[in-house]
Structure formats: C-alpha cells, structure tokens
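J.: Sequence:
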Amino acid sequence: MIVVVGGGIAGVSCVETLLAETNGSVPIALITNSSIVKVASNVIKSGINLESFEVKEQQKTFLEHHQNLRVVVDYAVSVDSDNHEVILKNGEPIKYTKLCICTGGRPNLIATNTDKVLGIRDTETVEQFEQKLKEAKRIAIVGNGGIALELVYTIEHCEVVWIIKDKSIGTPFFQCDAAQFLMPSIAQKPQENAPVHRLKYIAINEQRNKEGFGSALGPDWKINLSAKGKFIERKNIIVEFECEVNSINESDSIPNEKISKSEFDKWPVFVELTNNKLYGCDFVVSATGVIPNVLPLSGTKSFKLASDGGIEVNEEMLTSEINVYAAGDVCTASWRTSRNWFQMRLWTQARQMGIYAAFCMLSHLRNESPQVYFPFDVFTHITRFFDYKVVLLGCFNGQNLEHEYEILLRITEGKEYVKVVVSDNKVQGAILIGETDLEETFENLIVNQLDISTIKDNLLESNIDIEDYFD
Numbered sequence: 001m002i003v004v005v006g007g008g009i010a011g012v013s014c015v016e017t018l019l020a021e022t023n024g025s026v027p028i029a030l031i032t033n034s035s036i037v038k039v040a041s042n043v044i045k046s047g048i049n050l051e052s053f054e055v056k057e058q059q060k061t062f063l064e065h066h067q068n069l070r071v072v073v074d075y076a077v078s079v080d081s082d083n084h085e086v087i088l089k090n091g092e093p094i095k096y097t098k099l100c101i102c103t104g105g106r107p108n109l110i111a112t113n114t115d116k117v118l119g120i121r122d123t124e125t126v127e128q129f130e131q132k133l134k135e136a137k138r139i140a141i142v143g144n145g146g147i148a149l150e151l152v153y154t155i156e157h158c159e160v161v162w163i164i165k166d167k168s169i170g171t172p173f174f175q176c177d178a179a180q181f182l183m184p185s186i187a188q189k190p191q192e193n194a195p196v197h198r199l200k201y202i203a204i205n206e207q208r209n210k211e212g213f214g215s216a217l218g219p220d221w222k223i224n225l226s227a228k229g230k231f232i233e234r235k236n237i238i239v240e241f242e243c244e245v246n247s248i249n250e251s252d253s254i255p256n257e258k259i260s261k262s263e264f265d266k267w268p269v270f271v272e273l274t275n276n277k278l279y280g281c282d283f284v285v286s287a288t289g290v291i292p293n294v295l296p297l298s299g300t301k302s303f304k305l306a307s308d309g310g311i312e313v314n315e316e317m318l319t320s321e322i323n324v325y326a327a328g329d330v331c332t333a334s335w336r337t338s339r340n341w342f343q344m345r346l347w348t349q350a351r352q353m354g355i356y357a358a359f360c361m362l363s364h365l366r367n368e369s370p371q372v373y374f375p376f377d378v379f380t381h382i383t384r385f386f387d388y389k390v391v392l393l394g395c396f397n398g399q400n401l402e403h404e405y406e407i408l409l410r411i412t413e414g415k416e417y418v419k420v421v422v423s424d425n426k427v428q429g430a431i432l433i434g435e436t437d438l439e440e441t442f443e444n445l446i447v448n449q450l451d452i453s454t455i456k457d458n459l460l461e462s463n464i465d466i467e468d469y470f471d
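Per the UniProt record's numbering, the very first residue in the sequence shown carries number 1; after that it's consecutive.
No wet-lab data here; the hints were simulated from the structure. Just so it is clear, the structure is predicted and the values come from calculations on it, not from any experiment.
Here are the simulated DSS-like cross-link-like pairs (lysine-lysine), alpha carbons at most 27 Å apart as the crow flies: (1) 426 / 45; (2) 235 / 277; (3) 132 / 266; (4) 45 / 60; (5) 415 / 167; (6) 389 / 165; (7) 415 / 456; (8) 235 / 167; (9) 389 / 415; (10) 426 / 456; (11) 165 / 137; (12) 89 / 60; (13) 261 / 134; (14) 134 / 266; (15) 45 / 56; (16) 258 / 132; (17) 134 / 277; (18) 277 / 261; (19) 235 / 415; (20) 137 / 235; (21) 165 / 277; (22) 137 / 261; (23) 389 / 456; (24) 95 / 304.
Given the sequences, and given the hints that come with them, work out the whole structure.
T.: Structure follows, in structure tokens:
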C-alpha cells in the first residue's frame, strides 16, 4: 500500500496523481487530520512547467469513489520505518510499502503567549481574522511576504501599521524597483495610458538573502475575504521599514510611563518596535512565513532534518528512511539544484513536489528511474499582488548567479513591469507584472538557454513580437 500523510495541496496532488497513474491497481491510503482537503482546480498550463490554478477546499468524499483509496481522518503521530507502519493517534498502525509525508508548514508566529497575535494559514484562521477585523480600528501586520502584501492591499476602514524588516515591500519576491512600481497600488487602482520607461543596468551579487521565503495562503485566497474594520477612513497605512517587533504587551502589562491614559484605555495590545516606536492596536497579524510542520511526526526517531527544520529529501524525494518520501512545505530539497531553480515554500512548489513524489514512488515500485518527470529545472510561479498578475521565472532576482549579470527593464506605470535577468547573453530569470503575455516565451528562453546577444538591445521593445525571433 502507498500511504500519503497530509490533506494539503502536496498530499492531495500526490494522491490524485497516484490514482490517475495506477488505474485502481495499487491500494492507496490518505491520512488527513480533517475531513476537508485542499485541491488544485482550474489548472491552466502556460508553459513547460508554468501553470496557474485555484486552491479549493472540498470534503474528502470527492475522493472516496475510488475503490482502491482509503481516506483516514486522524492524526499520524509517528512512523515506524523498521516495520513500515504509520501510527495514528487512535493507536491504529497502517502498513505501507511506500510512504509520502506531506504535513505542510505551520505559521512562524512572532508570539504564541497571547490571543492578540493571529497567524493566517488556513480557512479557519482567515475566518478568525474576519471576525476580529469587524471590531477593529487599527491593527499591526508584521511580515513582508505574500499574505502581508495582500492583507495590506485588501483591508479597508481599518488603520494598518505595516512592520517590515526590509527596505522595501515584498522582498521575498521583488527588489526595490518592482516594489516602487507596486507601491502606489496600495491605496489606488493602476493608472491607464501611463508612459513607458525602458532601462538596462548591471548588477553584481555580493550577498545571498536566504531569509524571507514564505508561503502564500493560496492563489486568490482573499477574493471572498470580508476585510472591513470600524475605522472611518477607507485607507490609512503606516509603513515602518527596517524594523522588527521588540515586544508585544497587552495593556495591563505595559509600563504606565510608556503610554498616556487615553492610549491605555483605547487599545488592548501594544507593539514596541526596534526603532523605539510604540503602537497601540486591536490585534496583531503575524505574517512572517511558515516553518516545516514536523510536529505530527515528533514521535519518529530518525529523519534527517535540514538547518531550516525541514525533512531532507534527495532528487527523487526520498528521505533518510528507506521507502519514505516527503513533499511540500515539510521537506527541504537537499540535492544539488539547477542554476535556475531554488526552493520557495509556495503552493506552486507544493503541487509540483506532490505530483513528482507520486511518480517517484511508482517508478521505484517498477524499478524505473523517475528523472523523466523531474520538474525542478526552472523556478516558476504565478500569483497576484495588488490585482496585478505576477509571474516569477528562474533567477528572477539574480539568485544563484555568482557573477555579473544584466537587468533589462520595461516599465509602463500603472500597467506593466517587465524585468529580465541576463547572464552570458542568456536569459536566466524574469519578473512579469501585469498582462504581459510573455511568460511562455521567457520560460522557453530560460529552459533552452538560447543566445540572445543579437537581439538583446531590442528584447523588450513593446512594438516587437519576441516570439517572432524563435519561430
């Protein structure tokens, strides 16, 4: 039996692939701690590995018509790899031939000792956020990843104090120029018929930022979010750059000399920053990314963990334990990655890893190599920020590039932002913001590593169809 632990996007994508590829010939079990599972739907393929999709929650019953699938609603508490068993919370052992751990990530909360700090990770915490926001006049948002970006953009009638440790917004995804393009959209819609600016400059990687890789709640998670508070003004955003939270104190525990009596009576919680500023607010949103959720397997003795706490997996998604695989946010890629790919805990990679892990398990059962299914040659991700379509390809911020590289830019204010990373006269990465229709072309350029030296200077001319060069 093939057993998959986890009802998130990695686990369900793994199970769906197993079902499609085995046609009922292999018994499969999905262990999930909830009767509701996450499913990728409306998948639209835009390139070789580039695809967009929606994440929907469905009852487990949508899977149960498969006769070779058993869905178990319980917690997996340990893995006995010697006896090939997963032990459930109720004490039941489930035998496996192959096992894939897809227990996801959990919020990396800045504080866990107060109910005034909320981490947003799933539908339940989104609902908690909605209820709290209805009565709020000011909240603090800590973090600079996908959830923080979308919350700041979506929230209305509630003052927002946005606390960022970086110099600009969205640094896990953007550098300063892209952040500047998006910044006006926080309070207003994109402009039409704006001027086009084309730029080219040289960049040298002096430092690698290995922090800040978070995970979004899912594509379009905020569409049905009721994000209105009790503040009179529609928008009022205070951005505190280059600082972190020093302490979070409820009103009854903060020294009297730090706040006035009126402030004390007005706010239930106070956030003190490393720049010595103090803000009172109704509650705090901790949007500081996720950490691998290995807690369900805390009773397991011998998985090799990476420095970030994830379960190490090799290029065939195998852990340090024989016949045990892992996929999604819970794992850390320990193989020698390609130049144009790196791990980032996002829905896209969770789905890719889940699907690939399924092919790996089936290939190993058949004594075949799964390398033909390997999807991690080029980083790809499609999302939306501030109502803009955002496509990230390859080394989109120069990641993994050790030497000098060029940046080609085309910016139409309020409409589109196109950034192309070029090294050795070959495209190594790109950021596309807006409806550019260039994602398939640039993914192909990165994958095929075509020499663009003869067209580089005209590559981003808006009146030239790039695809004509490669027909």
